[in-house]
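A.B. asks: Produce the entire structure from the sequences given, and follow the hints as far as they go.
Per the numbering used here: the sequence shown = residues 1 to 226.
Derived by calculation from the structure, the hints in this document are not laboratory data.
Each hint should be verified, as a subset may be incorrect.
[What the hints assert, rightly or not] Heads up, simulated SDA-like pairs for lysine to any residue below, C-alpha to C-alpha not over 25 Å straight-line:
1) K13 <-> Q91
2) K176 <-> G128
3) K27 <-> V16
4) K12 <-> E147
5) K13 <-> I47
6) K121 <-> Q94
7) K121 <-> T194
8) K176 <-> N135
9) K126 <-> Q91
10) K176 <-> L115
11) K69 <-> S21
12) K176 <-> L34
13) K121 <-> E147
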Amino acid sequence: IHQALNNQTADKKAIVFELDSLDQNNKMFMDQLLGDGEVSAQCGGDINAEIQESVLAGLWRVHYLDNNKNIIRDTMEVAAIPGIISEMTFQNAQENLDVDALNIPDTVYNAPPLLVEISDKLPNYKSGDEPHVINLSLLPHTEGDIEFLSDSLGIGPTVILSRGYGNCRISSTGTKNVWWVQYFNSQDTLILNTIEISKVPEVAIASNEDLEDSAERLNEILSLYR
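C.D. replies: What follows is the structure in structure tokens.
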């Protein structure tokens, strides 16, 4: 794992270590040693998984689950974000939006032009592009607008929680590369509400600097056991 952290960069695919062969004592030791970091996630859809970043950014524990929430595969991944999130989240998503302009409820005012903006951006977006962010907190909108946006975009299988920048909830939609990114204060009140077009929002991703720092920190931890 230390070697993988040394060699990994944020643009590479996840390096996966299978932990199923470890006994329970060794798994518990790894859990205690690596702890829980700032980011966690739940993935549904065709494959179910629970994900927890360790205290070392870019080092993730991924539990793959059956329909009864039993662990059927246990892995540790070295990556900017685990592969199941970057590769599987939008596997069954709609490619673009198809909004029926004749059937817009009377309570909806500003959602249609926002959906047009999203629809215009999606065909040209490719992995690695700068994210396109719509800050709903700065735009006039009604509750009907939010409901219409949510219904039009659909609900995706992935929810990511990040405590690194306050309390941030990142939810995939049913539209490819479109996410809700919402920030809450300590009273769980929504203080910033955005829609982001990106492969995965940056707030959830470990950077190259994070990976380098984690490699150094893991080396320090390992030195205590040598």
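A.B. asks: If a hint holds in the structure, say so; if it does not, say that too.
C.D. replies: Status of each hint after checking the structure:
1. A hinted pair counts as satisfied when its Cα atoms are at most 25 Å apart, and K13 with Q91 qualifies at roughly 17 Å.
2. A hinted pair counts as satisfied when its Cα atoms are at most 25 Å apart, and K176 with G128 qualifies at roughly 15 Å.
3. This hinted pair checks out: K27 and V16 have alpha carbons roughly 16 Å apart, not beyond 25 Å.
4. Between the alpha carbons of K12 and E147 the distance comes to roughly 37 Å, so the proposed pair goes past 25 Å and is violated.
5. Distance restraint check for K13 and I47: the Cα-Cα separation of roughly 18 Å lies within the 25 Å cut-off, and the hinted pair is therefore satisfied.
6. As the CA atoms of K121 and Q94 are separated by approximately 14 Å, the hinted pair is consistent with the 25 Å bound.
7. Only pairs whose Cα atoms come within 25 Å are accepted, and K121 paired with T194 is accepted, the gap being roughly 15 Å.
8. A distance of roughly 19 Å separates the Cα atoms of K176 and N135; the hinted pair therefore holds under the 25 Å criterion.
9. Note on K126 and Q91: the hinted pairing holds, with a Cα-Cα distance of about 15 Å set against a maximum of 25 Å.
10. With a CA separation close to 13 Å, the supplied pair K176 and L115 stays within the 25 Å bound.
11. For the hint pairing K69 with S21, the CA-to-CA distance comes to about 20 Å; that is within 25 Å, so the pair holds.
12. Taken as a hint, the K176 and L34 pair is broken in the structure, with Cα atoms around 33 Å apart against an allowance of 25 Å.
13. Simply put, K121 and E147 have alpha-carbon atoms about 21 Å apart, close enough for the 25 Å limit, and the pair holds.
Of the numbered hints listed earlier, those contradicted by the structure are 4, 12.
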